Amino acid sequence: MAEAFKSLLEVKDLNAWYGESHILHGVDFEVNDGEVVTLLGRNGAGKTTTLKSVMGMVERREGSIRFKGSETTKLTSNRIAGFGLAICPEERGIFSSLNVEENLLLPPEVAPGGLSLERIYELFPNLKERLKSQGTKLSGGEQQMLAIGRILRTGAKMLLLDEPTEGLAPVIVQQIGRTLTKLKAEGFTILLVEQNFRFAATVADRHYVMENGRVVDMIPNTQLEASMGKLHEYLGV
Amino acid sequence: MTEIFGVPTQALFGQLLIGLINGSFYALLSLGLAVIFGLLNIINFTHGAQYMMGAFVAYLLGSKLGLGYWWSLLLVPPIVGATGMLIERLMLSKLYKLDHLYGLLLTFGLALIIQGLFRNEFGTSGLPFSMPAELSGGRNLGFMFLPNYRGWVIVASLVICLGTWFVIEKTKLGSYLRAATENPALVQAFGINVPRMITLTYGFGVALAALAGVMAAPIYQVSPQMGADLIIVVFAVVVIGGMGSILGSILTGFGLGIVEGLTKVFYPEASNTVIFVIMAIVLAAKPAGLFGTQK
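From first to last, the protein sequence lines stand for chains Y and V.
My numbering numbers the first residue of the first sequence as 1 and each following residue consecutively.
My numbering numbers the first residue of the second sequence as 1001 and each following residue consecutively.
Here chain Y stands alone, though its shape is the one from the complex (with noise of 0.2 Å):
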């Protein structure tokens, strides 16, 4: 029997190395069932060194990741993926020598209840057009789509998705919006990092905000504006 919990995913005192160096130095965070969490902060904050220890793609962690109560630190990340999490990761992770239609099919279902083929194709209508050219001859708005797109068939509830509007002209930065606006009503929960804070504002709940490998502050949307000048600070913008 699983234990009452109180959050979907819970970090307590994360620590993340890769090889050498010691990059997060205890992290604290919650997210809680369909919230919208984004986790905010400079370049070498640590952001996506905390996205990639929950997905378990980092191979030294310590401290404590509960997902639906369950202790995930220690299991690689195939094992975590079984519980339903899925990551888009920053580069986007589109692979060369499949097509658009074999990388969108290539996550495995680990649950029932993914969005069907033509949900995705109605909220990506580009990806249906292309589905047989090469995945990375799409444009880098479509191959977001993609990413986004492929992890949303396998039933996964929490999505992790790494600055999902890196790089993308502004039309294609809303469409995105729009998109995680509607995925928060389906039910979905998503953990955002970003850096760019005004996108944030539009889709989020909640920000965590991270300095030097730690969650140093954690601020409500709905308190955003109040604390523009705190956030400038932090964010050195």
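In short, the hints are calculated from the structure, not lab data.
Since the model is a prediction, treat every value here as computed from it, not as a measurement.
Wrong hints could be hidden among the right ones.
[Said to hold, decoys possible] Result set (DSS-like, lysine-lysine): computed pairs, CA atoms no more than 27 Å apart in a straight line:
1. Y:K128 <-> Y:K182
2. V:K1170 <-> Y:K137
3. Y:K12 <-> Y:K184
4. Y:K74 <-> V:K1094
5. Y:K182 <-> Y:K68
6. Y:K74 <-> Y:K12
7. Y:K128 <-> V:K1172
8. Y:K230 <-> Y:K12
9. V:K1170 <-> Y:K132
10. Y:K6 <-> Y:K74
11. Y:K128 <-> V:K1170
12. Y:K184 <-> Y:K128
13. Y:K12 <-> Y:K68
14. V:K1172 <-> Y:K137
15. Y:K182 <-> Y:K6
16. Y:K137 <-> V:K1286
17. Y:K184 <-> Y:K68
18. Y:K132 <-> V:K1172
19. Y:K6 <-> Y:K184
20. V:K1097 <-> Y:K74
Mind docking chain V on chain Y? Use the hints.
What follows is chain V alone, placed relative to chain Y:
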């Protein structure tokens, strides 16, 4: 007697046939090397020894258990493939984070050890291996005489090569393999057990070498040295085709077998070196090989 370019057609087609046979083995072996290199990033120098093991296990199944050629064809690839998986789990898996060179040194050392053990046990003179009765004899094709067994080797090798190509390029399983070749960490994060896939892939590559060994047993003599002689040429084939390219290794394997056969007809002095001359030219013009992509 009919002649083409001053060469009797009998001799021409005869050498062409020998070229195709050699090409069949080049293709099967370089295909296994390509599959292994693609996913494991390891240049499997043990491949020749594993081909030799295939021939010897077939010989042993026959002499100790009385099992014939067809049983060997069925049983030897999984048996030798299993020893490959053991090697991968116990040794190769420790090297993935290190430079290519370590994998090359380990597999080269293993090849020497395995060959030494077999030489110690069976001596250096070749052992006979009889052809299956169903494939003895031959048929007259009008322009040449084709021994049935040789025809079988060419057809079987083509079918296995194209089947492997189809599975890798056109199926779901193959898409996992191709994706894991590019970005194993992400494929694993999607929920696929990549370490297990790597073990099975190495086992499959080794099984292909062993299968080639069984097919070679009735044609060449079964001897501890048989793989070492062949593998040098096969590495040249792999370099010409392009490291890791599946279709490249198949086409270059058959193609170079034929080129070698034709050289024997028109300029026999060069027949042992022609593949290496081609390798030098290809490397100068296209360092990644004919079908390879620069990484």
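Each hint, compared with the structure:
1. Simply put, K128 of chain Y and K182 of chain Y have alpha-carbon atoms about 19 Å apart, close enough for the 27 Å limit, and the pair holds.
2. Of the supplied pair hints, the one linking K1170 of chain V and K137 of chain Y holds, its CA atoms being roughly 19 Å apart against a limit of 27 Å.
3. Restraint check: the Cα-Cα separation between K12 of chain Y and K184 of chain Y comes to about 25 Å, which is no more than 27 Å; the hinted pair holds.
4. Proposed proximity of K74 of chain Y and K1094 of chain V is supported: the alpha carbons are some 20 Å apart, at most 27 Å.
5. For a cut-off of 27 Å, the pair hint linking K182 of chain Y to K68 of chain Y stands: about 23 Å separates their Cα positions.
6. For the hint pairing K74 of chain Y with K12 of chain Y, the CA-to-CA distance comes to about 14 Å; that is within 27 Å, so the pair holds.
7. Proximity of K128 of chain Y to K1172 of chain V is assessed by CA-CA distance (about 19 Å); at most 27 Å being required, the pair is judged to hold.
8. For the proposed pair K230 of chain Y and K12 of chain Y, the alpha carbon gap of about 24 Å is at most 27 Å, so the pair holds.
9. Annotation: proposed proximity of K1170 of chain V to K132 of chain Y holds, straight-line Cα distance about 12 Å (limit 27 Å).
10. With a C-alpha separation of about 21 Å, the suggested pairing of K6 of chain Y with K74 of chain Y holds against the 27 Å cut-off.
11. Taking the CA atoms of K128 of chain Y and K1170 of chain V, the gap is near 20 Å; set against the 27 Å cutoff, the hint holds.
12. Annotation: proposed proximity of K184 of chain Y to K128 of chain Y holds, straight-line Cα distance about 23 Å (limit 27 Å).
13. Taking the CA atoms of K12 of chain Y and K68 of chain Y, the gap is near 14 Å; set against the 27 Å cutoff, the hint holds.
14. For the given pair, K1172 of chain V sits about 21 Å from K137 of chain Y by alpha-carbon distance, which is consistent with the 27 Å threshold.
15. At roughly 24 Å between alpha-carbon atoms, K182 of chain Y and K6 of chain Y fall within 27 Å of each other, so this suggested pair holds.
16. For a cut-off of 27 Å, the pair hint linking K137 of chain Y to K1286 of chain V stands: about 24 Å separates their Cα positions.
17. Distance hint between K184 of chain Y and K68 of chain Y is fulfilled; the C-alpha atoms sit about 18 Å from each other, no more than 27 Å.
18. Note on K132 of chain Y and K1172 of chain V: the hinted pairing holds, with a Cα-Cα distance of about 15 Å set against a maximum of 27 Å.
19. Note on K6 of chain Y and K184 of chain Y: the hinted pairing holds, with a Cα-Cα distance of about 19 Å set against a maximum of 27 Å.
20. Only pairs whose Cα atoms come within 27 Å are accepted, and K1097 of chain V paired with K74 of chain Y is accepted, the gap being roughly 21 Å.
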